[in-house]
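K.L.:
Quick note, the sequence shown lines up with residues 3 to 350 if you use my numbering.
There could be a bad hint or two in this list.
[To be verified] Under the rule of at most 27 Å between Cα atoms (straight-line distance), these lysine-lysine pairs were calculated in the DSSO-like manner: (1) Lys147 <-> Lys36; (2) Lys36 <-> Lys317; (3) Lys312 <-> Lys64; (4) Lys36 <-> Lys142; (5) Lys22 <-> Lys36; (6) Lys64 <-> Lys22; (7) Lys62 <-> Lys22; (8) Lys22 <-> Lys317; (9) Lys142 <-> Lys216; (10) Lys67 <-> Lys22; (11) Lys36 <-> Lys62; (12) Lys216 <-> Lys67; (13) Lys154 <-> Lys142; (14) Lys36 <-> Lys64; (15) Lys36 <-> Lys67; (16) Lys62 <-> Lys154.
[Unchecked claim] Cβ pair distances, simulated, as ranges: (17) Val30 <-> Phe227: 31 to 41 Å; (18) Asn249 <-> Ile60: 33 to 43 Å; (19) Asp307 <-> Lys67: 55 to 65 Å; (20) Val56 <-> Leu88: 22 to 32 Å; (21) Gln136 <-> Glu32: 31 to 41 Å; (22) Phe327 <-> Ala106: 49 to 59 Å; (23) Asn205 <-> Lys64: 41 to 51 Å; (24) Lys312 <-> Leu275: 20 to 30 Å; (25) Met323 <-> Arg282: 22 to 32 Å; (26) Asn49 <-> Glu255: 22 to 32 Å; (27) Arg145 <-> Ser92: 21 to 31 Å; (28) Arg75 <-> Met3: 36 to 46 Å; (29) Arg135 <-> Pro337: 34 to 44 Å; (30) Ser92 <-> Pro330: 52 to 62 Å.
Calculated from the structure, these hints are not laboratory results. All residues carry an ideal CB built from backbone N, CA and C; glycine is no exception.
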Amino acid sequence: MLTVYIPTFNRATRLSENLKLVIDQIVVYELQSKVSILVGDNASEDNTQSICAVNAEIAKAKQIKFSYFRNPRNLGFNGNIQAGYLQVNSGWIMFLSDDDVLCAGALNQICMDLSSVSPDTALYNFDQAPFDRQNPLNTKTLRYKGNQDFSKLASLFTWQKLTGVVLRCRQPGESDEFFQHLLSPARHYPHIVLSVLRYHTGNVLYKSRFFVAKPDLDHLEHINFPWYTSESLIMELTNCRSILNLNNSSFNEQLSNLPRVNVIDSSVTHLLLYYTGHARITASLRSILWNNLFRFLTFQRSSQDGFALKCHSLKFYVKLMLLVFVFPASFIILPIFGKKRKLMHEGF
């Protein structure tokens, strides 16, 4: 059985459209005995509950297994991924973002792959630039058995999309406490940490050239993470290595190959672009970036998230001085030119 897990927060309209697409694919390809739906509501404040109640009745009428749970509070992205993963006790779980659109035949293709290959970890293409159909990330369909070579997961480290990752469910002996320990530090990439776990403890990795989904047209309107998330990935994978006692040279090599970003320089650059009307941002992210800058200026060595805050570049200090002038000026100059700061609704 494949469980399509949709973590969601305050996107009832988009979730409703997505559930219809999933249900339609299950019915068209007669996958009722092979695919179930699970929705994890991260304490949404809109009508997500009623949307799920309606779709539960629709699914029941079409003989589709539909489950819904609501977290008592917003647990963050990692908390909701963990909560959904722990709900699945057999078979496989596919992660589907509530704002991503399944490609035609995606669920049928995945079910055929699971039946014929029985992978522990499966990765599929996601149709979004730069790795869209003109430049696919996985150009061939490949099956790897044994021999834990983490270079085979390089495509996932490069393109960290949630949708397109299919994993075997948790195995006997893996307790709730173990996953809490493993995933709590993984604020942005719990699905990648889980993929490393399943590859580490499993036997078969499957990489398909099939495109399973594409982003919704408004996907850029709810970006809720800073530009230095590659630093998050490095930190999260380092924690994962320690927890799993993963002494693997190929894993260490992949970790060392990940791009590095200077956190304080990135923070100032992002704020500059925001206050000149050139970057989308959320209120919570704006607060994080200002907090990074405050901590840097008060000679604190790390951000609240534990990232190093240091920079010796002259270019950085030039940007910092520009921000001193741009920040107050933006309240006057932007309206004159008919522009405004692009403050977005909160993301996941």
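K.L.:
Given the hint that lysine 67 pairs with lysine 22, test it: the Cα-Cα distance must not exceed 27 Å.
P.N.:
holds, 14 Å
K.L.:
Okay, phenylalanine 327 versus alanine 106 on CB: inside 49 to 59 Å?
P.N.:
Holds, at about 52 Å.
K.L.:
Using the C-beta atoms of arginine 135 and proline 337, is the stated range 34 to 44 Å upheld?
P.N.:
holds, 41 Å
K.L.:
Is the gap between the beta carbons of arginine 75 and methionine 3 within 36 to 46 Å?
P.N.:
Violated: the Cβ-Cβ distance is about 30 Å, outside 36 to 46 Å.
K.L.:
Between lysine 36 and lysine 142, does the CA-CA distance stay at or below 27 Å?
P.N.:
holds, 26 Å
K.L.:
Holds or violated: 52 to 62 Å for the Cβ distance of serine 92 and proline 330?
P.N.:
holds, 59 Å
K.L.:
Do the beta carbons of asparagine 205 and lysine 64 sit within 41 to 51 Å of each other?
P.N.:
At 35 Å between Cβs, range violated.
K.L.:
With the threshold set at 27 Å, check whether the alpha-carbon distance from lysine 154 to lysine 142 stays at or below it.
P.N.:
With Cα atoms ~13 Å apart, lysine 154 and lysine 142 stay inside 27 Å; holds.
K.L.:
Has the hinted range 21 to 31 Å been met by the Cβ atoms of arginine 145 and serine 92?
P.N.:
The hinted range 21 to 31 Å holds for arginine 145 and serine 92, with Cβ atoms some 22 Å apart.
K.L.:
Using the beta carbons of valine 56 and leucine 88, state whether their distance is inside 22 to 32 Å or not.
P.N.:
holds, 26 Å
K.L.:
In this structure, is the beta-carbon distance linking glutamine 136 and glutamate 32 contained in 31 to 41 Å?
P.N.:
holds, 33 Å
K.L.:
The hint says 31 to 41 Å between valine 30 and phenylalanine 227; measuring C-beta to C-beta, is that right?
P.N.:
holds, 35 Å
Hint check: violations occur at hints 2, 3, 8, 16, 18, 19, 23, 26, 28; the rest are consistent with the structure.
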